[in-house]
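Starting from the known structure of chain A, arrange chain B on it as the hints suggest.
In order, the protein sequence lines correspond to chains A and B. So for the first sequence, UniProt numbering puts the first residue at 1; every next one is plus one. So for the second sequence, UniProt numbering puts the first residue at 1; every next one is plus one.
Honestly, the hints are just simulated from the structure, not real lab data. Keep in mind it's a predicted model, so treat the numbers as computed, not measured. A virtual CB, placed ideally from N, CA and C, is assigned to each residue, including glycine. Treat the hints with care, since some could be wrong.
What follows is a set of in silico ranges between Cβ atoms, one per label pair, in the way DEER data are often shown [as the list claims (entries may be wrong)]:
no.	chain 1	residue 1	chain 2	residue 2	range
1	B	PRO332	A	GLU311	50 to 58 angstroms
2	B	GLU371	A	GLY207	23 to 31 angstroms
3	A	GLY269	B	ARG220	50 to 58 angstroms
Simulated crosslink set (DMTMM-like; lysine to aspartate or glutamate; CA at most 20 angstroms straight-line) [unchecked claim]:
no.	chain 1	residue 1	chain 2	residue 2
4	A	LYS358	A	GLU77
5	B	LYS351	A	ASP50
6	B	LYS165	B	GLU141
7	B	LYS351	A	ASP70
8	B	LYS351	B	ASP327
9	A	LYS351	B	ASP50
2 protein chains.
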Amino acid sequence: MSIPGQMPVVGMVGGGQLARMTQQAAIGLGVTLRVLARSPQESAARVCADVRIGEHTSLEDLRAFAKGCDVVTWDHEHVPSEHIRALEAEGVACLPGSAALLHAQDKFVMRERLSAAGAPCPPYAKVPADAPLAALEEFAERAGWPLVVKATRGGYDGKGLWIVKDLGPESVELIGRLVDQGVDLMVEQHVPFRRELAALVARSPYGQGAAYPVVETVQRDGICHEVIAPAPDLDDDLAAEAQRLALDIAERLGVVGLLAVEMFEVDGGVVVNELAMRPHNSGHWTIEGARTSQFEQHLRAVLNLPLGSTEPTARYTVMANLLGGDDPDIYPRYIHVMAHDPAVKVHFYGKEVRPGRKIGHVTALGDDLDEVRERARHAADYLRWGPETKERS
Amino acid sequence: MSIPGQMPVVGMVGGGQLARMTQQAAIGLGVTLRVLARSPQESAARVCADVRIGEHTSLEDLRAFAKGCDVVTWDHEHVPSEHIRALEAEGVACLPGSAALLHAQDKFVMRERLSAAGAPCPPYAKVPADAPLAALEEFAERAGWPLVVKATRGGYDGKGLWIVKDLGPESVELIGRLVDQGVDLMVEQHVPFRRELAALVARSPYGQGAAYPVVETVQRDGICHEVIAPAPDLDDDLAAEAQRLALDIAERLGVVGLLAVEMFEVDGGVVVNELAMRPHNSGHWTIEGARTSQFEQHLRAVLNLPLGSTEPTARYTVMANLLGGDDPDIYPRYIHVMAHDPAVKVHFYGKEVRPGRKIGHVTALGDDLDEVRERARHAADYLRWGPETKERS
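Chain A extracted, bound-state conformation (with noise of 0.2 angstroms):
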């Protein structure tokens, strides 16, 4: 920005398909997005002029990639707060924050937190790795079974969540193993919700806050399915209740950028679940169904400029996840799907198909909420199992 005319360069940790689809976003923008990729095959990398190859717990490596952004944002929650916090001290721009991130870093730190202020949350409590099955039996007198065990960061082979039923000898071998990896445990009540939602907003430095509408989001086998937005027959009181409690946590956080609030809609309103601090999966819709997609509002937030509307283009938009099927050669049947429905869109992210890996997603959009959600799963699914579709989903 110093060079008149010029404009200023993002930095994102990160290539994974945020990062991607961030870039389409930062082409319209006329900023320059500069990725940080783990190898020039992942996602972003694929396609982005300024790709720089390094680790993203590299401090070294971080610092390197900083030199010359104008901001420094992420892909993802997995930078050490440590390190973002060194290069605070040296002066980059890092949005949002190691304080506010740590949130969605860590998820006791940021139970503590939203419970102090007074958000709904779940009870919770820590579990200590010198007597967690004690700790268990007693959060479940008070919480009754199942339990949610969750990893506070980062996670297991994978996974950062268990639902654990009793203490029977699965569980307890679970959790041994779980403790002796080293795994700082937390246990959560687990809620008896209707559905799941999410709240997306954004926050620029300057306080300017701008809401999505409250989305749906189905999980199936712990995955994000399918997106409806708005959420249907969501009532009017409870939307904008959900919308006011992610303004409300971006701005006691400190978040710049994007917060995604994922929270269960439950008998008399809401509770919290997870945050996310950059563009999320219950946002991909936005990039046909708002006026201003996720990726483009998260460059406008973490670079001070003017918000974005976020005005629905229409009454429905319904994203479906794309998952690899068994049979890799997905390009035929990209031609049928493409036959099928002129208005569908598909989301590659550049990936190579493997059976259960998200590798894209599906959009569409209209009037009928029933006709939109079965255009977009018969498009997700026909990609993923091609004819065998109606036996296999």
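Chain B alone, transformed into the frame defined by chain A:
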């Protein structure tokens, strides 16, 4: 496409803003866009991962570029026909092919072909280099003054078209200079048009066609200033006729990809002005204003993928071109424009700001045409002139 699950590579010759915006579409489709640019500073080269530096006038550079591309297509019309024919002879899939593209490269060839096919064209004639003034005189006797003198290919000093009012000393000097420079000239009637329209269509190798709503293009000082989609108050029958004409031309010429037909609206119909076989300035509005952007559509067409829906997303979409002003430090004005109108979309092309240079465009959409035009205009004018907008524009 031979490797299971791998997506095709589209090579685009030319590194301008059309290739740049095509990259946004390619990222979503999961298609790799490879760009042949003259320097890493070109508009598209700044945002693509797969950039080859070379000259579009060098057959060797084109050959090396085409290797590994599933299809080669064009960001502009300046690739020599003989080079495209040579690539085709070597088995490279060039789309649109040399035979079709010639009609977008040579205005005289286009007139001969379209007139023979019965498409509405203005009276025209060749201007022989050995007796140019006599030819103009004779043509004016039939068609009246003023005349439109055109370079059949390329142009001279950045211009390809001159309005000649008479054969006074100024005109004599101009024609003499053009002939001396070896510019091949033709002459056309100065069509007494009501307004200018453009019909954008796509055609796939299978022969599938898709037509966008016909738009009005507003020129100022010979530069496209504003595009209104759809063309306001255009007679339904005339709109359908213009779409049919464009689809018919695409089929007759064997165009694969996009075809933009610039037209004059005259009493009783339309007259063809120019052809372009690539994404076109008159179609930039489709990024926000149509279900499928022209850039996505071009990729789908040249890859022989089923074409996408051309349905508009709003009642009116207005695109205003953004020209550089005297002050290259555009960023503060960008902030103002975003704050002023959170729903307007600014697209920057990554070009240095120079007075009068096309550096981006602005899109607004909505139900009230006057309001939408005013919003697009304000944004483009303010970005160019800043607070002096009112005095300058």
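Verification of the supplied hints:
| no. | hint | result |
| --- | --- | --- |
| 1 | B:PRO332 / A:GLU311: 50 to 58 angstroms | 26 angstroms, violated |
| 2 | B:GLU371 / A:GLY207: 23 to 31 angstroms | 29 angstroms, holds |
| 3 | A:GLY269 / B:ARG220: 50 to 58 angstroms | 56 angstroms, holds |
| 4 | A:LYS358 / A:GLU77 | 18 angstroms, holds |
| 5 | B:LYS351 / A:ASP50 | 17 angstroms, holds |
| 6 | B:LYS165 / B:GLU141 | 13 angstroms, holds |
| 7 | B:LYS351 / A:ASP70 | 19 angstroms, holds |
| 8 | B:LYS351 / B:ASP327 | 14 angstroms, holds |
| 9 | A:LYS351 / B:ASP50 | 17 angstroms, holds |
Against the hints set out earlier in the document, a violation occurs for number 1 only.
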